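Visitor: Using the sequences and the accompanying hints, generate a full structural model.
Residues per chain, in single letters:
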Amino acid sequence: MRANPEVLILEDDAETLGELQSHFKRRRFHPLGARSASRALSLLENNRYSSRPVLAIIDWDLGKAPDTSASSGDVLSRLARELRECPVIVYSQNIDAFNVRSQIQRSHPRALLHDKRDGDASLLERIDRMLDRSVGDLRIHDGTVVVHVPTLQQHHHREAIRLVVHHPDIVTFHSDTATKAVRRFGEWLLRRESTVRLVSHGNRKYRLAVTATEGAAPDVEA
Amino acid sequence: MGVTDAPWMLGVRAPDRSRAILVVTVDGELAVAVRDAVPRGMAVVRDARSNDAGEIAAACLPWPWMVIGSAVPVTPALALVLGHRPVLVSWLGAAPDGLPAHAQRFDRPAALLASIVTACAANVGGMRLAPGSGVELGDGTLLRSAALESLVAAYPRGFALPARTFRAASSALARHATGWVAQRDRDAGITLVSDAVGPRQ
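Chains as they are written, first to last, in this note's numbering: chain A, 6 to 227; chain B, 139 to 339.
I should point out that these hints are in silico values taken from the structure, not numbers from a laboratory. Don't take every hint at face value.
Claimed, not checked - Footprint (simulated), chain B over chain A, 3 or more residues, beta carbon under 8 Å:
#1 65–77
#2 85–96
#3 106–120
#4 209–216
Just so you know, these numbers come straight off a predicted model, no measurement behind them. Glycine included, C-beta positions come from ideal geometry on N, C-alpha and C.
Guide: Structure (structure tokens):
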């Protein structure tokens with residue numbers, strides 16, 4: 006069974022939210038859209054045990070939100086604490102202001118920043134670059150499969166997609182099921198003699214590394 | 139605006155085992171500059187204020203790889219970490235009380251930022267900082283030792299700390315026949331020394 010990966014979108018403007026959701030649906034992702042921070046927190050809570058979004062798009066300024074009981078900072082802090090492996094893009098009209106950047110980074114130290122003044126098209130281009138990315142001889146296709154380009158073999162597990170999207174960052178996996186899937190992906194890479202190898206950092210942390218030479222180096226705990 | 143009403147819940151306070159650069163300032167401006175300077179994936183920049191620096195330092199597991207500060211005092215909680223762990227310390231402007239002897243002081247932000255980039259790219263006999271955490275050997279072997287990360291990044295300087303602080307790093311170096319040992323230098327700091335050099339008198 007193939008489950009479409011979820012993307013969390015927090016955007017207070019209904020029209021922009023609709024455009025973003027349509028974009029992700031076309032790309033076979035399952036968008037979790039919210040116009041308020043409290044709704045986004047509910048979505049995270051409700052999906053806590055069933056799935057974990059592979060990407061979060063957060064509007065920092067929520068002046069048009071129908072409910073202001075929570076802030077975008079609350080959502081970012083929750084993502085940083087509970088979904089650290091989920092890449093986050095935060096966009097704002099004031100992204101150049103160091104105090105805004107500082108507030109965002111204190112809420113989520115790993116958040117990627119985007120200037121809202123560049124327009125929605127610029128944001129979508131950036132998202133597509135992230136989700137269509139290539140790492141070594143691997144490429145994500147349609148947001149749902151990792152393709153080994155030389156053999157055109159496909160790997161469908163969302164944790165594999167997560168690792169490729171995150172490269173070169175370390176990803177922490179939170180269940181035995183996910184960890185097993187990641188190890189299977191590592192073995193899949195080895196069988197295909199991919200230029201990409203799986204590196205274990207212990208404690209369910211993994212990253213992908215691109216090697217010029219064939220074969221995998223051992224992972225050693227010290 | 140997006141500021142949270144629950145500062146104790148801020149993501150910057152969440153425990154994390156990734157390599158961390160803790161930046162303690164009054165307003166966060168230097169942390170923003172540091173974040174722009176650090177190569178992607180090498181380290182997480184944690185933007186702290188004086189009043190939460192101790193707690194955020196404690197959330198950097200096992201300890202912050204680097205602490206950078208400017209125009210703030212060193213709180214007792216932070217001084218404890220800096221005094222007992224091999225933490226790289228860089229300070230912009232006048233150095234406050236409580237900094238360890240190995241702290242580096244800078245007058246200009248550009249020089250400080252350049253030193254961070256240099257530390258991230260350190261290469262000691264083929265040993266380099268791996269993205270996120272650990273030290274990668276020339277053959278791709280990953281050594282997970284925070285003390286070794288500090289030694290590699292500080293090379294050729296060292297840390298005036300007890301030798302036992304570096305026991306795990308020394309074991310890893312020996313086990314993988316790296317040709318390097320952690321050894322006390324003439325300035326009484328523990329630093330990396332090539333095996334070929336032999337023990338110092």
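Visitor: Tell me the hint numbers this structure goes against, listed in increasing order.
Guide: Hint check: nothing fails, all pass.
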